[in-house]
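Engineer: Please build the complete structure, drawing on both the sequences and the hints.
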Amino acid sequence: MNEGISAAMRGRRFASMLAKEARQIVRDPSTFLIAFLLPVILLFLMGYGVNLDAAHTRIGLSLQDDSAAARSLAGAYQRSRYFDVRATGSLAELEHRLVGGDIRAIVVIPQDFGRQVARGGGTIQIVTDGALPNTASFAAAYAEGERATWAASQARDSGRALRPPIQVSARFWFNPELASRNFLVPGAIAVVMTMIGSLLTALVVAREWERGTMEALMATPIGMGEFLLSKVIPYFLLGLVSMTLCALLAVTVFAVPFRGSVFALFAISSVYLVPALGQGLLISAALKNQFVASQVALLTAFLPTMLLSGFVFEISSMPRVIQALTYIVPARYLIPQLQTVFIAGDDWRLFLPNMGVLLAFGVVLFALCVHATKRRIA
Amino acid sequence: MAEPVARAHGIVKRFAATGLPALDGVDIAIEPGRMTGLVGPDGAGKTTMIRILAGLIDPDAGTATVGGRPATQADRSRIGYLPQRFGLYEDLTVAENLRLYADLRALPLDERAARFALLLEFTDLARFQGRLAGKLSGGMKQKLGLACALVREPLLLLLDEPGVGVDPVSRRELWAMVRELAGGGIGVLWSTAYLDEAEKCDTVFLLSEGRMLHSGPPGELTARLDDRIVRLPIPAARRRAALREALAHPDIADGAVQGDAIRLMLRAGAPVPPVADLGGTQPLVPAQPRFEDAFIDLLGGGPGGVSDLAQRYPVIPESGHAAIEAQGLTKRFGDFTAARDINFSVQRGQVFGLLGPNGAGKSTTFKMLCGLLSPTAGTGTVDGHDLRRARAEARQSLGYMAQKFSLYGDLSVRQNLDFFAGAYGLSGGDAQEAVAQAIETFHLERYAAVNSGTLPLGYKQRLALACAVLHRPPVLFLDEPTSGVDPIVRREFWTHINGLVEKGVAVLVTTHFMDEAEYCDAIALIYRAEQIATGTPDDLKALVGRPDATMEDAFIALIEASDARREAA
Amino acid sequence: MIGPRLRAIIVKELLAVLRDPRARLILVAPPLIQFFLFSFASTMEVNNIRVGVLDLDGGRWSREVVERLAGSPSVREIVPLRSDTELRQAIDRQKVIVALRFDPGFSANVSARRAAVIGAVYDGRRSNAAQIVSGYVERIVGETGATALARAPPALPGAVVNHWFNPNLNHIWFVMPALIAVIGAVSALAVVAQSVARERELGTFDQLMVSPLRTHEILLGKMVPPVLVGLLNATLFLVLTPLVFAVPLTGSVPLFYLALLFYLLSLTGIGMLISTISATQQQAFLGMFAIIVPMIILSGYAGPIDNMPGWLQVVTWFNPPAWFLVVSEGTFLKAMPADQVLANTWPIVLIAIATTAAASALFRSRME
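Chains as they are written, first to last, in the working numbering: chain A, 1 to 378; chain B, 1 to 569; chain C, 1 to 368.
Source of the hints: derived by calculation from the structure; they are not laboratory data.
Ideal placement from N, C-alpha and C gives every residue a C-beta, glycine not left out.
Check before you lean on any hint, since a few could be wrong.
[As the list claims (entries may be wrong)] Looking from chain B toward chain A, a few residues come up when the C-beta cut is under 8 Å (computed): (1) Ala54; (2) Ala95; (3) Leu100; (4) Leu104; (5) Arg179; (6) Glu180; (7) Leu284; (8) Val285.
[To be verified] Below, a list of computed lysine-lysine pairs in the DSS-like style, where the Cα atoms sit at most 25 Å apart: (9) A:Lys288 to B:Lys200; (10) A:Lys374 to B:Lys135; (11) A:Lys374 to A:Lys288; (12) B:Lys404 to B:Lys135; (13) B:Lys141 to B:Lys200.
Structural biologist: Written as structure tokens, this is what we have:
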């Protein structure tokens, strides 16, 4: 098919396809939307909108005792940096506000609290809004903690140090302040690369079919492998550019630590883009229709990356069947690498096995792609 | 005879396991230096044949060779292919598209400058090199597509309906360009649904429903009709009725209105009937047979002159005002004027034609009159209702048939009819009766439960017309109603239109078929947003100054005159 | 009651959704996939924990702590570690989420009632899970300590905790009601966002425009299918959630449907805006995607609204799912009284009015 064409001409042909693709990327508003605008939106939402850490929880305080001890404990809650005492009053009044979602927990300091304390006890009641389990468990833990701290300081003041027999000295490595943003933002980068690799790439190849340019291309001497490669390279670079933008935003705006090396970050991202692009190309080669391709890309790439990659939800806590399913989600192998390179630093013994798996996915997907992309129309 | 550059033998191709094959044992040979026409209505199998020759589809049986090798292994750098949608990247400029295809087809660098200059000059695109392909007009896209296909001189040039949706001027230019190339020894395959283009080819392959009806020079086919075509001059008022009566005559196979006369085809071997039997007073004049006549003859004659639709249609009463009126209609988009000061009126029982090149303002005018665009200045009325003030009433009195099929493809034929009956306010028994009548009149029974998107084109167009007339409107808007359909369906459509007009319906029609313009009582020619001429078909033809001038000659002459005036000014 | 024109367009719009294979894809696939994936995958609990143990003590009390940990239903495996290097690696490679280090003499200290400290190192990369696990560890260590003090007078509990509405803090009780809001938004928006853009792309829009159908009839007709689809999906979930996941349904179902109706109307208004602006189905799809991701993230489903910065909380006031989520959780778990359902519904009504008005104004102007 290609006889009589020099290697130089062939190189020129390929360069020309790349240039064409680059021009289309620059001129297409949907590329801009997916590769730059959506990532920024997503990053901001993840950075600001999803905060799973215990923060300033709104509570109600029902102070039923007039003793000095009771008032002292109530003061401790009022001053606590974990709580915002929104309301006080009877339990019945506060209940109503708990149902309405005005407050997330109620701390009840009961009638004989002062007398109990005098006898060496003092039990408070904590009621939480179990409809929000995450907030409820944090609120309960911190409310208990607040009381314990208060009791300890009371004991110290009275000279009766009361120390639990075994203590745990906890250290949270890599993320001592326990900011969930520190792991959510690197996760958002994984979502962004998935969208460029799978969704955007699926769209652009399907577009060639829909607009009839594929037909014209196939009637020229270009090889189908060459065609696929001319799609892969520009979107690979676009994926890296978008990743860089996100990483810069993460570090500068959201103050996410970056403890690894830039080289490792690029190596990890480059390897991940291989299966992501493979998946996008496969979807479009099999479907040839922008609308269906985008739906399929959403269901097979975007949703699994959000749900099954360990980005938001703990994989180890899922039912076995779902856990098994996560092993075929490429992002599952990316998320720990990204979290490590940002928060912990380079650890090639963690990176290399994951990269190996991702490359294996890539090889399989590209083989399927070449198989599915035939120079035929029907 | 030169050795063909491409050949196909015994090609069979089926897309669905059941049903008719798209191609059924077709042979084709394309010789260098000749214009080879691949002719037939939509769905005949033209595109499938071209794709097989381009090596993009594998036939189920038969062989296709290009340059002596199987089509799928041919040297693709030497095949020029212009797909139906041109294959241009709309977000690349003219020059970028050309360079891309030059690299794809491995045009040597030292030949480029000369080749680009030649092609740009040839296609008159030199001025637009920096413009995005998506921003070109339809005719210009076509030329650019052709330039890309020709960027390296091919052995074989495959053109898939390059004339579709292009006005007569652009079509004539494109034809001249390709003809010149063929002269240089390229084998050209030009596929078309326009039968007048077939007449100009050196060799013609006529396809219908996947079968080859004829192959050879077009003259061979039309020669069979020598002495069977006659013209009968009839005064305007009686022309439509005379055609209807003539078509009822047993010796008349087909007929159409042509300007001041009706044009009739006699059945093979039939004697020439006396003029009085045909309702005429003047003598019959022999006329030249056309390729379309030959095609209709091959298919067994026309559909007859009686419209079931018109017979059931109520007589539209005299209203005392024009059915459609345009007064100083002007539309501006920003600082671009799409239509300027358009004036005409269409009376009850008249067909009015809007003609003009693509992008000239014809569609803008049409859309203003059916309420799809608000005029910037001027007024339009439909059945006496002002389109600005009484929009809903105006819409209730018009039926509309869009240019391309625009009914709901996922809904069945009956569901489409039900919807439009409801949309026009018919309910209960009225709606049921209207839908039942439409199905019967347009022979849609066997398709009633079928998704309309999967219908053959002829049935799609029938359904579109059926939907437009469900509520028996006094005014009909038809935007290229017959584009792409076979000549039998075209005849059927005009039988309906003529019948409705006799009942008093007013019709506004746009068309690219010049012979259809002859059916019109009056024509407005729109060019560069201006109404450059208005009159009866004969008035316009008379302006050319030659006795045998055709409608197409008139069209081109008027446009050239307008250009000349513009340059002088 | 409704004229033939309105009836015709409603029937047509419903048929268009039911007969178009692509529309059916949107209708069926996302709700089903989301039902199963979200319900099972989206867990905030931490189970199957792997705990690393570096026991340099090897005495009675260190073994006691480890045994109690191993017996906890949340812990899947105890990974014995032999050195500090191994401990570091186990955390680095994410083999364990927490590693406990017992110093030599730990048991002796406990027995002698001297300060006995367990070193615990958590993987802070997974900060949420780490915090929850630290809660488990503290509790088990506390219990062991209490046993060690068995001879001391039983200490009164410092606090009695009651989790109302969801006593065991079952995460799925939160997820399923929230999912009704999410799926309602996804399916209704997906249907409505395509409606106008699709007609424009297929050329049927002109055909509608030249018919005597009034603008409000077209808009009404187009709003019926997404609302019905949303109602249908919500009903399916309303039935399945108590049956499959045993989530209690305590509130008023009629009130829930009232809020749901307005919720769906507010969404169709938004979808219609997107659809009217878009020239192609592709743009409509991307537009919908660009709006639905923030809508869900800012609904309180992905993370509590309480924890967002103040300005972002203000943004959530304009987000219908944020309001409807409260109603849905309340109806399922809290037996939410009418006044509070209505208090969370009127903002949705306002959003519905605003978006529908904006969509019809835009639709009218786009008819030019």
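Engineer: Against this structure, judge whether each hint is valid.
Structural biologist: We went through each hint and held it up to the structure:
| no. | hint | verdict |
| --- | --- | --- |
| 1 | Ala54 | holds, 5 Å |
| 2 | Ala95 | violated, 12 Å |
| 3 | Leu100 | holds, 5 Å |
| 4 | Leu104 | holds, 4 Å |
| 5 | Arg179 | violated, 22 Å |
| 6 | Glu180 | violated, 23 Å |
| 7 | Leu284 | violated, 49 Å |
| 8 | Val285 | violated, 46 Å |
| 9 | A:Lys288 to B:Lys200 | violated, 38 Å |
| 10 | A:Lys374 to B:Lys135 | violated, 31 Å |
| 11 | A:Lys374 to A:Lys288 | holds, 12 Å |
| 12 | B:Lys404 to B:Lys135 | holds, 21 Å |
| 13 | B:Lys141 to B:Lys200 | holds, 23 Å |
The structure fails hints 2, 5, 6, 7, 8, 9, 10 (numbered hints given earlier, in ascending order).
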